[in-house]
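2 protein chains.
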Amino acid sequence: MSDVETTFDRLLKLPGVMGAILVNGEGEAVRTSMDSTSSSIFAGKMRPMVKMARALVHEVEPTDELTYLRMRTLKSEILVAAENEHMIILVQDTNILDEARRNSSSSSKKSE
Amino acid sequence: MSDVETTFDRLLKLPGVMGAILVNGEGEAVRTSMDSTSSSIFAGKMRPMVKMARALVHEVEPTDELTYLRMRTLKSEILVAAENEHMIILVQDTNILDEARRNSSSSSKKSE
Numbered sequence: 001m002s003d004v005e006t007t008f009d010r011l012l013k014l015p016g017v018m019g020a021i022l023v024n025g026e027g028e029a030v031r032t033s034m035d036s037t038s039s040s041i042f043a044g045k046m047r048p049m050v051k052m053a054r055a056l057v058h059e060v061e062p063t064d065e066l067t068y069l070r071m072r073t074l075k076s077e078i079l080v081a082a083e084n085e086h087m088i089i090l091v092q093d094t095n096i097l098d099e100a101r102r103n104s105s106s107s108s109k110k111s112e
Numbered sequence: 113m114s115d116v117e118t119t120f121d122r123l124l125k126l127p128g129v130m131g132a133i134l135v136n137g138e139g140e141a142v143r144t145s146m147d148s149t150s151s152s153i154f155a156g157k158m159r160p161m162v163k164m165a166r167a168l169v170h171e172v173e174p175t176d177e178l179t180y181l182r183m184r185t186l187k188s189e190i191l192v193a194a195e196n197e198h199m200i201i202l203v204q205d206t207n208i209l210d211e212a213r214r215n216s217s218s219s220s221k222k223s224e
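Residue numbers (our numbering), protein chains in the order written: chain G, 1 to 112; chain Y, 113 to 224.
By construction, these hints were calculated from the structure, which means they are not laboratory data.
Note that this is a predicted model, so its numbers are computed, not measured.
Hints should not be assumed to be uniformly reliable.
Dumping the calculated PhoX-like pairs for lysine-lysine here, alpha-carbon to alpha-carbon at most 20 angstroms [said to hold, decoys possible]: (1) K187(Y) - K51(G); (2) K157(Y) - K51(G); (3) K45(G) - K163(Y); (4) K163(Y) - K51(G); (5) K45(G) - K157(Y); (6) K75(G) - K163(Y).
Assemble the whole structure, with the sequences as input and the hints as a guide.
Okay, here's the thing in structure tokens:
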């Protein structure tokens with residue numbers, strides 16, 4: 001299993017995950033936990049957005065680079081990370097995610 | 113001063129703020145703390161990205177709505193929030209921002 005597939009499996013265990021999609025360099029969903037309609041919308045439309053974001057970051061500061069893109073909606077938080085030619089899209093439920101973040105911050109503080 | 117301008121001034125006081133731009137419905141930077149080159153790149157290029165993100169969110173789930181967009185780069189985190197016809201773009205230093213988030217989470221936990 002490739003590194004990117006290992007990362008994909010790890011992401012699926014994160015709190016509040018509603019779905020994850022692994023997109024290859026041709027814009028095809030090679031692995032997905034979502035229905036085929038959502039998968040193909042995400043796979044097809046996210047690439048031009050990431051391309052636009054990368055170009056913007058480079059134009060403002062040529063030595064800087066996009067690491068990920070996050071879209072917050074009323075219901076979910078969508079993370080898009082590009083690893084080499086692949087792209088990972090992760091959709092999480094905002095309520096569960098926010099709760100997990102609060103807990104995680106406080107427990108990491110306790111262990112200091 | 114309008115609500116959106118009050119919000120703008122409040123954002124400028126956040127940790128690690130490198131700059132903020134208030135963009136009107138015509139895509140012009142009506143207030144900015146950044147240089148004119150960066151302001152016009154952000155003001156002009158962010159709108160099509162936000163439009164694309166909104167369309168994507170609606171297509172996947174018609175009852176859902178984009179609240180904000182975040183781009184993480186090696187050096188900064190760029191937040192874009194749309195309020196009515198205005199758009200607020202906020203650029204923060206990642207190191208200062210991450211440190212502030214850790215502190216804020218732990219202090220809010222302490223006061224529970």
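query: Does the alpha-carbon distance linking K45(G) and K157(Y) stay inside the 20 angstroms limit?
result: 17 angstroms, holds
- request: Decide if the proposed pair is consistent with the structure: K187(Y) and K51(G), CA atoms, cutoff 20 angstroms inclusive.
  value: At roughly 18 angstroms apart (the allowed maximum being 20 angstroms), K51(G) and K187(Y) satisfy the hint.
query: Do the alpha carbons of K163(Y) and K51(G) lie within 20 angstroms of each other, as the hint requires?
result: OK: K163(Y) and K51(G) at ~15 angstroms, within 20 angstroms.
query: Do the alpha carbons of K157(Y) and K51(G) lie within 20 angstroms of each other, as the hint requires?
result: Satisfied, since the Cα-Cα distance of roughly 12 angstroms is no more than 20 angstroms.
field: Agreement of K75(G) and K163(Y) with the hint, judged by alpha carbon distance not exceeding 20 angstroms
entry: 18 angstroms, holds
Agreement of K45(G) and K163(Y) with the hint, judged by alpha carbon distance not exceeding 20 angstroms: 12 angstroms, holds
Every hint, counting from the list given before, is met by this structure.
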